[in-house]
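**Q** Sequence:
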Amino acid sequence: MAGFSLDDIVGKYSLQNSLQPIFSRLQEAEQAYKPGEPGNEDCRIGVLRLLSILHGQDAAFNLRSKQGGQSVASELAGLFRHVEGNFNYDIYQPLVQLVLEKAPDTDIWKAVLDLIDVVTQATRITPPPRINLPVIQTPRSHTTSSLANSSEYRKDIDNVLKGELLRFLHADIPGFFEAFFGEIEGLGSTAQAVFDRCKAGEESLYTEEGGWTGWPENAEEKCVLDWLVETMGTLVQFAEEHDPTQNIDRRPLAQPSRPVGGSTAKRKLDIAFVDDPNATENTRCHWSQILVPGELKNDQMYDTPLGARVDLGRYVREVLSAQDSRRFVPGFTLCGPFLRVWHFDRSGGIASEKFDINKDGCRFITVMLGFLRMDQKQLGFDPTIVTVDGTRCIEIERNGEKELLVIDEVIGRAHCIAGRATTCWKVHHKGSSTQLVVKDSWQYPERDEEGKFLSEAMEKGVINVARYYHHQTIRIDGRDDTTETARKGLGVTADEEPSKSVVIRGKSRKKKQATGEKRSSDSLQAPLPPSKRTRSSSPTKATATIQYRVHRRVVVQDYGKCIYKATSRVLLLSALDGCIRGYQSLHERAGMIQSDISLGNLMVNEEDDDSSQKAFLIDLDLAVKEQREGFSGARGKTGTRAFMAIGVLYGEKHSFMHDLESFFWVLFWICIHYEGPGKGRVVKRFEKWNYMDTEDLAAAKKGGNRS
1 MAGFSLDDIV GKYSLQNSLQ PIFSRLQEAE QAYKPGEPGN EDCRIGVLRL LSILHGQDAA
61 FNLRSKQGGQ SVASELAGLF RHVEGNFNYD IYQPLVQLVL EKAPDTDIWK AVLDLIDVVT
121 QATRITPPPR INLPVIQTPR SHTTSSLANS SEYRKDIDNV LKGELLRFLH ADIPGFFEAF
181 FGEIEGLGST AQAVFDRCKA GEESLYTEEG GWTGWPENAE EKCVLDWLVE TMGTLVQFAE
241 EHDPTQNIDR RPLAQPSRPV GGSTAKRKLD IAFVDDPNAT ENTRCHWSQI LVPGELKNDQ
301 MYDTPLGARV DLGRYVREVL SAQDSRRFVP GFTLCGPFLR VWHFDRSGGI ASEKFDINKD
361 GCRFITVMLG FLRMDQKQLG FDPTIVTVDG TRCIEIERNG EKELLVIDEV IGRAHCIAGR
421 ATTCWKVHHK GSSTQLVVKD SWQYPERDEE GKFLSEAMEK GVINVARYYH HQTIRIDGRD
481 DTTETARKGL GVTADEEPSK SVVIRGKSRK KKQATGEKRS SDSLQAPLPP SKRTRSSSPT
541 KATATIQYRV HRRVVVQDYG KCIYKATSRV LLLSALDGCI RGYQSLHERA GMIQSDISLG
601 NLMVNEEDDD SSQKAFLIDL DLAVKEQREG FSGARGKTGT RAFMAIGVLY GEKHSFMHDL
661 ESFFWVLFWI CIHYEGPGKG RVVKRFEKWN YMDTEDLAAA KKGGNRS
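All residue numbers for the sequence shown refer to the UniProt record's numbering, where the first residue is 1 and numbers rise by one.
Please note that a few of the clues may not be correct.
Distance ranges between label pairs, derived from CB positions [said to hold, decoys possible]:
#	residue 1	residue 2	range
1	GLY261	PRO677	44 to 54 Å
2	GLU395	GLU607	51 to 61 Å
3	SER288	SER18	33 to 43 Å
4	CYS362	ASP389	39 to 49 Å
5	ASP8	GLU230	26 to 36 Å
6	PRO259	ASP299	31 to 41 Å
7	SER24	GLU203	39 to 49 Å
8	ASP8	CYS362	52 to 62 Å
9	GLU185	PRO677	45 to 55 Å
10	THR434	GLU459	13 to 23 Å
11	ASP7	GLY491	22 to 32 Å
12	GLU203	ASP226	43 to 53 Å
13	ILE672	THR391	38 to 48 Å
14	GLU217	GLY678	31 to 41 Å
No lab work stands behind these hints: they were computed from the structure. Where a beta carbon is used, it is the ideal one built from N, C-alpha and C, also for glycine.
Sequences are here, hints too, so could you generate the full structure?
**A** Right under this line is the structure:
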């Protein structure tokens, strides 16, 4: 049916109840599946039966695959051979879960199309056009941290977030509870005393036979939230009576229908812990106040990577974006009566084993009281960012001495979970007016340090590049701050490897959630989020192990604003010229390629009375030595895709000329999206550049930008 959309075809040829007969078989497959055994025979048979039913649907004969343009029915026939010959349930599980969740037909067929795309690319023999990848080319991955001039629709964000997280979510980690709750002083004895109190009396709150009194049997959301809030109030009362020295001001906040303030698009949150003893369902809340977010589902079947886990990840992304000193975020999912505790950081997320709160009441109390009593460092706040005389300051150690840098403002913070998560602050020395800029990021340990590159560039007389002042690896409690230490050294064995080595689109089935809402017209004028977003050219990577990151800090002497904020066209073009000269100087004098020319990395300074350069490049995170041997040390190359050169999008090794082309795309983007300083807008035609496949984007750029 040429010319008809997927929605049109699926609407005409409904699945109706055709998948109902294999529900029990698919449920058996899910129960039989173990992460370390992707070739399970029960899983293989279940998938074969599912594909057989889909193959016979009228929609399959009318839908076309994305790559070859053949009918989906024809492509499904090829999948039978794949299942018989090289079966891996990890690839098919997201589709199975959508079927079991009774997802809309459109979601199921989209997952089928993605599945076909993944298997086709995995088995493709001939290389893509134009690509002759040198062995030293850095591989590519994909995160949410840069969406240039985007409304951040939920349907778009979710797909990118899944790509960012799914390979890096690890559940059922042994020793999780002891590692994260064992260090809270007196928690164990208090929890046991509160549990004993809950079991006491004729009208006890908990019984060994029936679990918690008043627990909603159908686990309907509002009923569970009401029960949680009431129960938490009782637990706080019992804890304070057990130990009068405790004064617990933290409380749960349940507002599933009220958008939380501070996000680009409207986002709602099931439940969270906040430092407000008077918090109620009518309390206005901002993401900057959320300490521990929680996600509720009415059945344990939603405790899956594409279910409650990514939903919780969506909340965590907002928390990390709104709190500039947050290193990691604890959270929890409650699917029916099954509770799982999560820890999210810049390497992804790890989680405890799930447990039934009605069968392990003491553990439930321990977790809830733990969330109520965690201190700032245990909640993930950076202890090197301190408050002195009512002023927030950053502590650095330079030349063997400590210095306090007073924070004037947050310049930018990346909107992501897993990734470099760059944060920049404008600061000045305490007792001095000299301005500096501090940049924090989470790097792979083997990656070349940006601070060393900046220091070398200044020593070699490079012009119009941010001038070096200091760099260090942040240390906490005498150890380097890494995602490994944040996780208390908890590792991942083969059996806990993430069950998703590929990404297939899917939605949460929670009925209360609407597909993404646009932000207000006022916020559409806001400048783009900080630039960085990784992209993937390999949808069939082997299942990833944990990729630990180290927390690094760089301080530079130049402060400016992004060139799209220039107060006139003349100043904008002058700054662009200065940045190009800086890039050329970096290449000629230091032999470096910057590798991430983007809107947020080209700066202009319009002040006449400070010492900063008038135009300069920032961000050598991705810079490489042109004559390097082997990989740069990055496991996934990042950048803002709207500004990538066409050759880079096709996978060519990054070159000097590619960066020069990126300068053109920056100017092109400014002309499209900015009418003047502070007058940015979202242009739907180009917003999709944030989400397009890299080769599709390259083709769009080659075709006169008719995207």
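**Q** Name the hints, by number, that the structure is in violation of.
**A** 1, 2, 3, 5, 6, 11, 12 and 14
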